[in-house]
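**Q** Take a look at the letters that make up each chain.
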Amino acid sequence: MAVDMRLPTVKNSMSLSHSAGDRKDLVVPGDVITSDTGFMRGHGTYVDEDKLTASVAGEVQRVDKLICVRPLKTSRFNGEVGDVVVGRITEVQQKRWKVETNSRLDSVLLLSSVNLPGGELRRRSAEDELTMREYLQEGDLISAEVQSVFSDGALSLHTRSLKYGKLGQGVLVQLSPSLIKRQKTHFHNLPCGASIILGNNGFVWLYPTPGQQEEEAGGFYTSLEPVSLSDREVISRLRNCLLALAAHKVLLYDTSVLYCYESSLQHQVKDILKPEVMEEIVMLTQQKLLEHES
Amino acid sequence: MATVQVSEAEKVYILHGIRDDLRVDGRGCEDYRHMEVETDVVSNTDGSAKVTLGHTAVLVGIKAEIGKPRPMVANEGYLEFFVDCSANATPEFEGRGGEELGTELSNTLYKVFNNQHSLDLKSLCISPGEHCWVLYVDVLLLQCDGNLYDAISVAIKAALFNTKIPRVHISSDEEGGKEIELSDDPYDCMRLDVENVPCIVTLCKIGHRHVVDATLQEKACSVASLIISVTHKGIITCSRKVGRGSLDPESICEMIETGKRVGKALHPPLMKLLQQEESLGKKRQKVGFLG
Chain A
1 MAVDMRLPTV KNSMSLSHSA GDRKDLVVPG DVITSDTGFM RGHGTYVDED KLTASVAGEV
61 QRVDKLICVR PLKTSRFNGE VGDVVVGRIT EVQQKRWKVE TNSRLDSVLL LSSVNLPGGE
121 LRRRSAEDEL TMREYLQEGD LISAEVQSVF SDGALSLHTR SLKYGKLGQG VLVQLSPSLI
181 KRQKTHFHNL PCGASIILGN NGFVWLYPTP GQQEEEAGGF YTSLEPVSLS DREVISRLRN
241 CLLALAAHKV LLYDTSVLYC YESSLQHQVK DILKPEVMEE IVMLTQQKLL EHES
Chain G
1 MATVQVSEAE KVYILHGIRD DLRVDGRGCE DYRHMEVETD VVSNTDGSAK VTLGHTAVLV
61 GIKAEIGKPR PMVANEGYLE FFVDCSANAT PEFEGRGGEE LGTELSNTLY KVFNNQHSLD
121 LKSLCISPGE HCWVLYVDVL LLQCDGNLYD AISVAIKAAL FNTKIPRVHI SSDEEGGKEI
181 ELSDDPYDCM RLDVENVPCI VTLCKIGHRH VVDATLQEKA CSVASLIISV THKGIITCSR
241 KVGRGSLDPE SICEMIETGK RVGKALHPPL MKLLQQEESL GKKRQKVGFL G
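Protein sequences, first through last, are from chains A and G.
Here the first sequence is numbered in UniProt numbering, starting from 1 and rising by one per residue.
Here the second sequence is numbered in UniProt numbering, starting from 1 and rising by one per residue.
Hints were generated in silico from the structure; no laboratory data involved.
Quick caveat, the model's predicted, so the values are computed rather than measured.
Just so it is clear, CB atoms sit at the ideal spot from N, CA and C, and this is done for glycine as well.
A portion of the hints provided could be inaccurate.
As the list claims (entries may be wrong) - If you want the ones that stay clear, here's a sample from chain A, every Cβ over 12 Å from chain G, calculated:
| id | residue |
| --- | --- |
| 1 | D64 |
| 2 | D152 |
| 3 | T185 |
| 4 | H248 |
| 5 | E262 |
Unchecked claim - Derived CB-CB ranges, DEER-like:
| id | chain 1 | residue 1 | chain 2 | residue 2 | range |
| --- | --- | --- | --- | --- | --- |
| 6 | G | P249 | A | A126 | 50 to 58 Å |
| 7 | G | D248 | A | L243 | 32 to 40 Å |
| 8 | G | V223 | A | L265 | 34 to 42 Å |
| 9 | A | L243 | G | P71 | 47 to 55 Å |
| 10 | A | L7 | G | R96 | 34 to 42 Å |
| 11 | G | A87 | A | L130 | 37 to 45 Å |
| 12 | A | E233 | G | S246 | 32 to 40 Å |
| 13 | G | P249 | A | E129 | 46 to 54 Å |
| 14 | G | S86 | A | L243 | 18 to 26 Å |
| 15 | A | L110 | G | V4 | 25 to 33 Å |
| 16 | A | K163 | G | R96 | 42 to 50 Å |
| 17 | A | D4 | G | V4 | 19 to 27 Å |
To be verified - Straight-line Cα separation of at most 30 Å, DSS-like style, residue types lysine-lysine; simulated pairs:
| id | chain 1 | residue 1 | chain 2 | residue 2 |
| --- | --- | --- | --- | --- |
| 18 | A | K98 | G | K11 |
| 19 | G | K286 | A | K73 |
| 20 | G | K122 | G | K63 |
Please put together the full structure from these sequences, using the hints given.
**A** Right, here's the structure in full:
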């Protein structure tokens with residue numbers, strides 16, 4: 001058994017990627033952007049005594065006459081139509097479930113937006129309403145897609161495809177939504193032996209790659225068979241790698257996660273979360289990513 | 001304690017992992033998370049320490065005041081504990097939500113230190129029956145990510161090591177009454193011997209095995225936990241069972257054995273770290289809260 005105790009050290013921010021000559025216009029809340037009144041104000045700005053002032057911390061974007069400030073760090077997920085999210089059921093209501101997706105309001109999953117077990121297409125009856133809890137309970141995890149956004153900002157989700165639905169055994173990692181890169185697909189079967197769902201809302205789901213027999217029941221059947229030790233190790237290693245990348249603000253997508261996994265193979269799984277090992281692994285990952293891009 | 005929701009499948013995954021001695025973050029059943037200890041972080045206390053265990057952060061401040069000794073033990077000083085669960089840690093502690101947990105934690109601390117050997121209380125006596133040092137130990141929970149007892153006990157040990165109590169001289173004045181004088185030199189102070197101060201180990205029973213330093217997800221899968229405080233010699237000063245579930249006497253014995261072993265192994269690295277920090281003296285770069 002091991003106890004790792006040490007004195008805290010000041011963390012130096014690592015900046016490997018210097019984009020030379022790419023000076024971004026960074027502002028903090030209260031900074032005056034311009035005193036010129038000819039501009040239209042967009043998101044993240046307000047007018048204070050005829051001066052356009054920033055209300056969030058971020059970079060200034062100017063499109064012709066429109067000035068807006070895009071926040072650097074989004075602590076809450078602002079969903080758009082088509083985003084893939086991983087969420088947890090918080091409430092079971094009359095014809096819908098409330099799902100927590102790290103946004104300002106709980107998202108909504110309507111009963112008409114889920115696939116019934118067996119894949120049948122029919123009108124939802126009163127009996128379906130009463131047996132909602134058999135499909136999804138409080139605490140269950142689901143993967144879903146954003147169907148629409150309500151006027152108050154709440155997201156409406158749907159699981160109308162076989163790849164979405166209730167999630168089985170695995171590990172959930174909660175990160176900041178701004179770290180997830182927008183890609184064509186968010187479901188990846190990594191070559192190291194595990195699968196990953198990178199939800200746009202910052203929730204990342206790691207699970208053992210399913211075999212061939214998981215196609216029936218529309219995603220509501222969860223296998224409770226014990227996962228093998230080797231798969232477990234891969235998942236734990238991936239989880240620690242994700243936390244290491246998130247701590248150093250590296251954009252997360254399948255390639256960066258894979259490079260980080262490969263760089264971490266020389267260390268033990270539980271050592272990855274030590275500060276110096278984290279730094280080393282992330283630096284190797286960033287170098288590999290730079291080489292890959294050039 | 002702050003709670004997280006876990007789905008049935010996640011619980012099964014965690015259970016099977018612990019059965020195979022591979023937890024979700026790759027640790028074994030008896031491994032602690034990464035711990036950082038720093039003393040002397042609050043300048044207006046006589047001793048302070050901040051401990052970060054994973055994402056759990058605890059701040060302890062100790063103030064020494066002169067008071068009247070307890071009637072039963074006239075030649076000893078005493079300790080007073082107060083645990084404040086601040087709303088910074090989790091929204092559940094807002095308003096009076098953290099009071100219940102705070103009283104539970106301080107009652108446990110009273111039990112842990114309620115014996116002759118943990119701290120030499122006779123050294124806190126100034127004049128028997130009239131004046132003694134009272135050490136007010138204030139614990140502040142900054143962040144809550146499971147395993148509060150262990151982090152608090154390590155922080156208290158570090159803060160007691162760091163405590164500097166000023167030396168006092170008793171002199172009698174003209175009318176025959178006693179007068180207490182503090183020495184003029186601000187660095188003339190008394191340190192406490194924390195060799196025998198115990199550390200608390202929390203063992204959570206999950207499935208058929210037990211784990212040390214459980215995270216909030218693992219806590220949600222366990223039904224009962226055993227809290228024992230162990231000194232550096234392996235002696236247990238206090239034990240408590242928490243949780244709604246029941247524990248088999250055989251498993252309690254196993255858990256106590258594990259707790260003794262783990263607790264005994266906690267003390268040497270902590271003392272070494274505290275002495276190393278002390279030897280750095282003025283050259284030490286203080287990290288504090290903005291590191």
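**Q** Looking at the structure, which of the earlier hints fail to hold?
**A** Per hint list: zero violations.
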